[in-house]
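S.K.: Start from chain G and add chain F according to the hints.
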Amino acid sequence: MRLRKVLRISRWEVSRTAGGLDRRTLGFAILVFVLVAAVAPFAFDGGLYDELYVVGVEDDDGYHEAVERADTLRAVEPSWSAFSSGDIDVLVRDDIHVADDQKGEAAVAELRDAARRYNAGELAEKDPDAAFPVSVEINYVDRDAEPAEPGDTFEPVAEEEDSEDEDADDDDDGVDAPDAEEDVDDGFSLPSGGLGGIIGQGGRSGTPDDIAPPFPFESLILAFAFLVPLNFVVQAYSTSVMNERIGRRGVLMLASPVSRQEIIAGKTVPYFAAALALVAAVAAVVGGGWRSVVAMVPVLLIFLSLTFVGAMFARSYKELTFVTVFVSVVVTSYVFIPAIFTDIDPVAAISPLSIVVRDLQQAASAAPASWYVFSGAPLVFSSAVLFSLGSGVYREEEMFNQRRVPHKAVAAVASWLRRRASVAKVSVFLVPFVFAIQLLVVATLFALPVEVSLPLFFVAAAVVEEVAKSVSVYAGFAHSVFERNDRNAVVLGAISGAGFFVGEKFAHLAQLVGLDTLEIGRAALGVGFDVSPLVLVALFFAPLVLHAVAASLAALGACRGKRGYLVGLVAAVVVHVAYNLTVVGLVA
Amino acid sequence: MRSPRRLRLATRELASLRAEKTVVLALVIQLFIAAFSSFLVVGLVSLYDPGAGEVEFAAAGDTDELLEAAAGQDSWDVSVYEDRETATTTFEGGGADAVLLVERTDDSVDVDVLAPRGDLRTTLIVTAARDLLERLEDAERERLAAELNVDAVPVPEGGASPYHGFTYAVLVPVLMFLPVFISGSIASDSVTEEFERGTLDLLRASPLSDPAIFDGKTAAAVALAPAQAVLWLALLVFNDVPISSPVPLLVLVTGITAVAVGFGAAVALQFRERKQAQFVYSVGVVGFFALTFALPESSANTVAKLAAGSATTATYAHVAGYAVAGVAVYLIARRFGGRKLS
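Each protein sequence line maps, in turn, to chains G and F. Quick note, in my numbering, the first sequence goes up one by one and the last residue is 591. Quick note, in my numbering, the second sequence goes up one by one and the last residue is 343.
No wet-lab data here; the hints were simulated from the structure. Small disclaimer: the values here were computed from a predicted structure and weren't measured. Relax, there's no trap hidden among the hints.
Computed far set for chain F versus chain G, every beta-carbon distance over 10 Å:
no. : residue
1   : A16
2   : A206
3   : A220
4   : A318
5   : V328
SDA-like cross-link-like pairs, simulated, lysine to any residue; straight-line CA separation at most 20 Å:
no. : chain 1 : residue 1 : chain 2 : residue 2
6   : G       : K8        : G       : Q264
7   : G       : K129      : F       : D108
8   : G       : K8        : G       : S259
9   : G       : K270      : F       : E274
10  : G       : K129      : G       : T210
11  : G       : K270      : G       : V300
12  : G       : K8        : G       : F390
13  : G       : K8        : G       : L257
14  : G       : K508      : G       : G379
15  : G       : K428      : G       : V552
16  : F       : K341      : G       : R27
17  : G       : K428      : G       : F390
18  : G       : K129      : F       : L149
19  : G       : K129      : F       : D152
20  : G       : K129      : F       : E143
21  : G       : K270      : G       : W15
22  : G       : K565      : G       : A414
23  : G       : K129      : F       : A147
24  : G       : K129      : F       : V154
25  : G       : K129      : F       : A146
26  : G       : K129      : F       : N150
27  : G       : K129      : F       : V151
28  : G       : K129      : F       : A140
29  : G       : K129      : F       : R144
30  : G       : K8        : G       : R398
31  : G       : K428      : G       : N491
32  : G       : K565      : G       : V467
33  : G       : K129      : F       : S109
34  : G       : K129      : F       : P155
35  : G       : K129      : F       : D107
36  : F       : K341      : G       : T28
37  : F       : K341      : G       : F31
38  : G       : K270      : G       : N246
39  : G       : K270      : G       : S243
40  : G       : K565      : G       : V493
For every residue, glycine included, the Cβ atom is placed at its ideal position computed from N, Cα and C.
Isolated chain G (complex conformation) (with noise of 0.2 Å):
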């Protein structure tokens, strides 16, 4: 590659979209900015929340004043026949009366912090110090997991009672689920089931309702704001990658004394460089550092790569829209779920967001350089593997025709392959994918409980796995560049899936930043069991030829077309499942 030839294409690119964005464009932009800061203050009024829930109460009531202050509330005459047609949710008579649905159980839990709120209130009218009586706080130690010595605890001196006494609670109205409980005040109306109840700040000091669990919400929230001005720029880009394939276009690039990958990194420079400043802009304006901006560039890359394949991929405008909006979502969720568990759990390490929650929050101990390798490693190795699967079809054969996405894909993966060998290649290329995908897996099903989710995560790594394996030798057989006989598949196949097997076991480096502390971690990783070197040394291997078995299955089904492949496909993988669960079994 030579970078005057890449830089001069990236300035043409840079002349060509800014003679684009003319003074009307920006003109607009700008309004439309003037007019959304004007309502700005406004909007933080209209809570999503408010008025979500009809309590009915007679206007000499206590709780009328109550439910008037509380946003979340709207009052209403109390009659019978409303509450039972559904028109209220609770109706305070002589009791407090609630709807048996999950509606009636959310608008008592609104009632009861505009309840407590008023009670606040009041007592503050009269003394301030009276309303908030009880004042916490609140640390976090660092505990040994270690089992408990006997001699260390010690017996209790009191215990308080059990639920038979019924006095300590007439208030109680039949809804007796404790559950969580929070009240933000910071502007927005968040009741105390919403999502301020599932994602608190955090808080550490102050009444009771100031305490919260550790959960970087603010920090969260900010930290989208480093997604979101990237989507514009990946509109661009991907308009510009389209622009080559309509009318043939591209072809006096792809005529000129240029390479294609010079084309392409020529094409995605301008754009690298405008997102990362824009990432940098958005540090600067919500106070984070350095680190957030290194911790972005691997997102920043797989946003790009991803665009890029689906702008080789697309065949109109409009399916370029749904492919950006879903490459969006997709990489919004990757990053995001994550990051929601930065101070709880390992598991955020998988994401990039965490470390730039982490320096948003500006904690103490910033987040670990492992979490960088961790997150960015295999962010960075897939999209490399999407600009060579997308500058396999940037070729005039595959480029300008219309045919199906899935065609293009195998056309793309056909690209890489010469001799039998190649099959290897496609496999370790494609491990950091199959390694991302799984720890999207990994994020997803991890709170659930481990009986649910360790199945489950099997059979979607299998599915993963073996995909990743069998689409190399499906392209090869597809685009003709092996002959199709049995013998080939089964060799193919063992090839590789023993290039699988080598990459897969780079992917090992994962145990760096303790992933395996997590069950389901481990179970993704196949590594962290603790048994006897002999066993060990046969889990090593095992895998290489189950790997090569289940490859060669679907090898042989792709030797003989489209359904074949499906069939061979499934085969594969009941057998990866099938001995996945034989190892968990055989070690636990």
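M.R.: The following block gives chain F in isolation, referenced to the frame of chain G:
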């Protein structure tokens, strides 16, 4: 005989969407978002799940009122230890989940909480601690209210169901509005594509009038978002999320879709290139949604109320407003866009 031709153009648009199977992708996107959101709810709620076991508190100090507040609940167990030291040691040895050190002064109660760091149960423990201390606070307030002659109301017992608020106030609006955004985007793409491929001249040469071309190009996009909304509402109902007023909800979605599609197509006719058109369109639609938050009821809140069954007359007035805005914006865009065509 103009409308059958117009219909044919609209059918062509729909057919191209079908051929590209992009509608499938649109559904996958929504499914992904729904899965993502429900994961958020289910996953995080399970962290708070009271059924996840009893939280053991080791308490020390002036604990009489604390014990009283703690009584009658199964979700925690409070044991009182002789002093700070023994309670803390028990906690460090794993004999308790958290420590509550209570100190009572003349007019206030100070509580120090020790909770384990970096533990999945931390969330559950801290939540239980807060719940318990809120009860203590309520009891204290009740006592002070009697002392100060303040009319306080009894605090009703109620455990929140985080599913409900999140589902109606966040998930349903997202599911209703995302297709709208995409619909407008498609309308804009559909027009810019004609310019980029140079096929608009063929359409102009057809016996269709300019407004008819505009209608034909946009009809599929206008129909798409409400159709997706119907699908989602059906799915939600099927999943035991009752939707109270589906019809006004659809009127609202259709109205906003007409705004987005009319605007998207007009912008595309004005700018003719996808890059600018998409940029202006996205900024404009985001701006539109932001502006609805300046209304007495934000657009998301209107959707939440309609879905949850808390709609007021004002809510229906908003729906009517969106319908009128939809028709108005579409007609203006059609007039303006039609002129750009010829």
